[in-house]
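Student: Sequences are here, hints too, so could you generate the full structure?
Oh and the sequence shown: position 100 is 98 in the numbering used here, straight run, nothing missing.
Keep in mind that the hints were calculated from the coordinates and are not lab data. Treat the numbers as computed from the prediction; the structure is a model and nothing was measured. Hints may contain errors.
Pair ranges (Cβ atoms, derived) [claimed, not checked]:
| # | residue 1 | residue 2 | range |
| --- | --- | --- | --- |
| 1 | R100 | L171 | 29 to 37 Å |
| 2 | I90 | S165 | 44 to 52 Å |
| 3 | V169 | N21 | 22 to 30 Å |
| 4 | D128 | T69 | 13 to 21 Å |
| 5 | N129 | V27 | 15 to 23 Å |
| 6 | K88 | D150 | 25 to 33 Å |
| 7 | G10 | E186 | 22 to 30 Å |
| 8 | S98 | D131 | 41 to 49 Å |
| 9 | A142 | E120 | 14 to 22 Å |
| 10 | V155 | G64 | 16 to 24 Å |
| 11 | T157 | D187 | 21 to 29 Å |
| 12 | V169 | I24 | 19 to 27 Å |
| 13 | L179 | E91 | 21 to 29 Å |
Virtual Cβ for every residue (Gly too), placed ideally from N, Cα, C.
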Amino acid sequence: MIEQDNEPHYMGAVMGRYVLGNNARIPGVNIFACRARYISPTTFIAAAPVVGTIGETVRASFAPFGALRGTISRHVSDGFAVKIDASDTKRIELARHIDSLRGHTWNGPSNKRSERRFMPAEPRSILTLDNGDVIPCLIVDFSAIGASVSADLQPSVGTSLTIGEVSCKVVRLFDVGFAVLFDSPQNEDAEEMLKAPQKWRDSLNLVRSTQIDIFDPADIPDMDGVYPDF
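Tutor: See the structure below:
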């Protein structure tokens, strides 16, 4: 539960990146994409491909909010909640950034790619390798012909895999993940096809019911870009 219901907060999709623990950042290895959907001067909640453990350190960076550091306080249905570790000065600065963004939609840096890109409503899915291994992933964005993905995986260009139910090949690597090209162009149902198969989602829901604190909107009071170093 978020206890300080009178503090400034922002609810909306803001892409960022994060590292678990205190290890050195290694692009393409331990830096992952995430999507914050709630942030206040004391807490942020984000969808993430690798959820870590309760109490584990998280170093994150979001373009409109700057670099943040904290510890995982609980797991939510698609990621984690982080208790932010910051000085009073930093919290005041963060509150100022939040206030400036409230009432606006963060669309991230301008995207110059020719294909129109979309952010899925449910960004966390799974990818399946040719050998049958299944790995959680975060879909950063997608178009009719491909997607940007973040996962605990360092594939080679040309690797074949399946995201949700869409088969594709890795065509490019970047610091928080990789880009894939779909084997065939997708139509308006692409977002639904990219979701984790229902059987997998049902099995995860069974685990969540006993082991994971599900995020409930009632917990919240009414109410490739440039990222700061973290």
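Student: If a hint holds in the structure, say so; if it doesn't, say that too.
Tutor: Verification of the supplied hints:
Judged by the Cβ atoms, the range 29 to 37 Å given for R100 and L171 holds: they are separated by roughly 36 Å. Judged by the Cβ atoms, the range 44 to 52 Å given for I90 and S165 holds: they are separated by roughly 49 Å. Our hint of 22 to 30 Å for V169 and N21 holds, since their Cβ atoms are close to 28 Å apart. Taken as a hint, the range 13 to 21 Å is violated for the pair D128 and T69, whose Cβ atoms sit roughly 37 Å apart.
Taking 15 to 23 Å as the suggested C-beta distance range, the pair N129 and V27 conforms, at roughly 21 Å. Evaluation of the 25 to 33 Å hint for K88 and D150 yields a pass: the beta carbon distance comes to about 29 Å. A beta carbon spacing of about 24 Å between G10 and E186 agrees with the range 22 to 30 Å that was offered as a hint. Separation of S98 from D131 is about 43 Å and conforms to the stated range, judged on CB atoms against 41 to 49 Å.
Checked against the given bound of 14 to 22 Å, the beta carbons of A142 and E120, roughly 19 Å apart, stay inside it. Separation of V155 from G64 is about 33 Å and departs from the stated range, judged on CB atoms against 16 to 24 Å. Between T157 and D187 the beta carbons are some 25 Å apart, a value that agrees with the proposed interval 21 to 29 Å. At roughly 22 Å, the beta-carbon separation of V169 and I24 lies within the given 19 to 27 Å, and the hint holds.
Between L179 and E91 the C-beta distance comes to about 41 Å, which lies outside the given range of 21 to 29 Å.
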